[in-house]
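Chemist: Please take these sequences and the hints and turn them into a complete structure.
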Amino acid sequence: MSFPLKGYVGKILWVDLSQHKVKDVPLPKRYVRDYIGGTALGGRILWDHVGPKTDPLSPENMLLVVTGPVTGTIWHTSGRGALVSKSPLTGIWAESHFGGHFAPELKYAG
1 MSFPLKGYVG
11 KILWVDLSQH
21 KVKDVPLPKR
31 YVRDYIGGTA
41 LGGRILWDHV
51 GPKTDPLSPE
61 NMLLVVTGPV
71 TGTIWHTSGR
81 GALVSKSPLT
91 GIWAESHFGG
101 HFAPELKYAG
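Heads up: the sequence shown begins at 1 in the working numbering, then just goes up one per residue.
The hints are simulated quantities; they were obtained by calculation from the structure and are not laboratory data. Computed from a predicted structure; not experimentally measured. Glycine included, C-beta positions come from ideal geometry on N, C-alpha and C. Heads up, some of the hints might be wrong.
[Unchecked claim] What follows is a set of in silico ranges between Cβ atoms, one per label pair, in the way DEER data are often shown: (1) Arg44 to Ser18: 20 to 26 Å; (2) Ile74 to Pro52: 38 to 44 Å; (3) Pro59 to Leu89: 15 to 21 Å; (4) Lys53 to His76: 37 to 43 Å; (5) Gly110 to Thr90: 31 to 37 Å; (6) His101 to Asp55: 31 to 37 Å; (7) Lys53 to His101: 34 to 40 Å; (8) His101 to Lys6: 18 to 24 Å.
Modeler: Pasting the structure below:
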């Protein structure tokens with residue numbers, strides 16, 4: 001079954017390093033509709049799964065590697081991705097952007 005919203009693979013890969021488990025789950029279509037782009041999508045996932053009292057250095061915190069709908073296309077600066085997490089320095093949202101081949105290859109991998 002193909003994902004109807006162009007630019008997204010349609011799934012999230014959950015990697016739990018403390019439990020040594022990997023699973024992929026469907027990406028909620030409302031996330032894609034309401035949060036355009038990798039950073040906004042990562043922020044929504046972080047908001048839903050990491051509580052405000054979660055210690056940023058605890059295993060409950062998440063480090064999200066996200067791509068957006070134009071990642072890997074011919075669009076200018078489309079080789080970009082982002083890391084989203086709760087910062088150990090501030091205790092609030094943190095994001096960092098990166099370029100190169102990693103983000104498009106991540107998206108191509110499905």
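Chemist: State for each hint whether it applies.
Modeler: Do the hints match the structure? See the list:
no.: 1; hint: Arg44 to Ser18: 20 to 26 Å; in the structure: holds (23 Å)
no.: 2; hint: Ile74 to Pro52: 38 to 44 Å; in the structure: holds (40 Å)
no.: 3; hint: Pro59 to Leu89: 15 to 21 Å; in the structure: holds (19 Å)
no.: 4; hint: Lys53 to His76: 37 to 43 Å; in the structure: holds (41 Å)
no.: 5; hint: Gly110 to Thr90: 31 to 37 Å; in the structure: holds (34 Å)
no.: 6; hint: His101 to Asp55: 31 to 37 Å; in the structure: holds (34 Å)
no.: 7; hint: Lys53 to His101: 34 to 40 Å; in the structure: holds (38 Å)
no.: 8; hint: His101 to Lys6: 18 to 24 Å; in the structure: holds (22 Å)
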